[in-house]
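Q: This is what each chain is made of:
Number of protein chains: 2
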Amino acid sequence: MGRVVVDVMPKPEILDPQGKAVAGALARLGFSEFAAARQGKRFELEVDGEVTQDVLARARAAAETLLSNPVIEDVVRVAAAD
Amino acid sequence: MGRVVVDVMPKPEILDPQGKAVAGALARLGFSEFAAARQGKRFELEVDGEVTQDVLARARAAAETLLSNPVIEDVVRVAAAD
Numbered sequence: 001m002g003r004v005v006v007d008v009m010p011k012p013e014i015l016d017p018q019g020k021a022v023a024g025a026l027a028r029l030g031f032s033e034f035a036a037a038r039q040g041k042r043f044e045l046e047v048d049g050e051v052t053q054d055v056l057a058r059a060r061a062a063a064e065t066l067l068s069n070p071v072i073e074d075v076v077r078v079a080a081a082d
Numbered sequence: 001m002g003r004v005v006v007d008v009m010p011k012p013e014i015l016d017p018q019g020k021a022v023a024g025a026l027a028r029l030g031f032s033e034f035a036a037a038r039q040g041k042r043f044e045l046e047v048d049g050e051v052t053q054d055v056l057a058r059a060r061a062a063a064e065t066l067l068s069n070p071v072i073e074d075v076v077r078v079a080a081a082d
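As they're listed, the protein sequences go chains S and Z. The working numbering puts the last residue of the first sequence at 82; the count rises by one with no breaks. The working numbering puts the last residue of the second sequence at 82; the count rises by one with no breaks.
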């Protein structure tokens with residue numbers, strides 16, 4: 001059984017309040033080496049067979065229509081899971 | 001400027017209602033090749049300098065204390081961004 005990983009992040013020009021909250025919490029907890037943070041989503045999609053190029057193309061189509069909002073988010077990765 | 005990616009997923013034995021909703025929506029939209037889905041989080045942390053082993057160790061500490069809930073989530077990846 002194969003698995004496809006899809007990563008979705010807010011577009012760089014879009015305000016990311018979750019990321020801002022994480023960055024603030026990191027600073028308060030003493031993790032001062034991290035200057036900024038952004039938060040996105042990771043999906044793992046299971047396929048019954050192998051992860052072929054066709055399956056990856058279908059996963060990209062799903063990522064761009066259902067798993068992300070193209071107005072505010074970028075699909076940054078569609079790949080077979082390691 | 002370097003960037004660390006942290007991926008957090010619900011533990012396999014934990015019910016994942018967001019993933020279930022995604023799987024249902026995929027099926028309804030005709031993406032029948034995907035048998036199941038799980039949804040987690042992806043964080044991108046920015047560092048001023050290079051991503052050293054020390055920075056990765058600090059990112060893992062942050063991931064396990066602040067970015068994930070160890071009762072229900074696993075940190076599946078802490079790595080320098082490609």
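Hints are supplied without guarantee of correctness; some may be wrong.
[What the hints assert, rightly or not] List time: in silico EDC-like cross-link candidates among lysine to aspartate or glutamate, alpha-carbon distance up to 20 Å:
no.: 1; chain 1: S; residue 1: 20; chain 2: Z; residue 2: 54
no.: 2; chain 1: Z; residue 1: 41; chain 2: S; residue 2: 50
no.: 3; chain 1: S; residue 1: 11; chain 2: S; residue 2: 74
no.: 4; chain 1: Z; residue 1: 41; chain 2: S; residue 2: 74
no.: 5; chain 1: S; residue 1: 41; chain 2: Z; residue 2: 46
no.: 6; chain 1: S; residue 1: 41; chain 2: Z; residue 2: 74
no.: 7; chain 1: S; residue 1: 11; chain 2: Z; residue 2: 82
no.: 8; chain 1: S; residue 1: 41; chain 2: Z; residue 2: 82
no.: 9; chain 1: Z; residue 1: 41; chain 2: S; residue 2: 54
no.: 10; chain 1: S; residue 1: 11; chain 2: Z; residue 2: 74
no.: 11; chain 1: S; residue 1: 20; chain 2: Z; residue 2: 46
no.: 12; chain 1: Z; residue 1: 11; chain 2: Z; residue 2: 73
no.: 13; chain 1: Z; residue 1: 11; chain 2: S; residue 2: 16
no.: 14; chain 1: Z; residue 1: 20; chain 2: S; residue 2: 16
no.: 15; chain 1: Z; residue 1: 41; chain 2: S; residue 2: 48
[Stated by the list, open to error] Away from chain S, derived, C-beta distances all over 12 Å, residues of chain Z:
no.: 16; residue: 6
no.: 17; residue: 70
no.: 18; residue: 72
no.: 19; residue: 76
no.: 20; residue: 82
Simulated from the structure, these hints should not be mistaken for laboratory data. None of these values were measured; they are calculated from a predicted model. Idealized CB from N, CA, C, for every residue including glycine.
Q: Does each hint hold? Answer for all of them.
A: Against the structure, the hints:
no., hint, result
1, S:20 / Z:54, "23 Å, violated"
2, Z:41 / S:50, "25 Å, violated"
3, S:11 / S:74, "6 Å, holds"
4, Z:41 / S:74, "14 Å, holds"
5, S:41 / Z:46, "17 Å, holds"
6, S:41 / Z:74, "14 Å, holds"
7, S:11 / Z:82, "17 Å, holds"
8, S:41 / Z:82, "17 Å, holds"
9, Z:41 / S:54, "26 Å, violated"
10, S:11 / Z:74, "26 Å, violated"
11, S:20 / Z:46, "12 Å, holds"
12, Z:11 / Z:73, "5 Å, holds"
13, Z:11 / S:16, "26 Å, violated"
14, Z:20 / S:16, "25 Å, violated"
15, Z:41 / S:48, "24 Å, violated"
16, 6, "9 Å, violated"
17, 70, "15 Å, holds"
18, 72, "15 Å, holds"
19, 76, "8 Å, violated"
20, 82, "9 Å, violated"
Checked against the numbered hints given earlier, the structure breaks hints 1, 2, 9, 10, 13, 14, 15, 16, 19 and 20 and satisfies all the rest.
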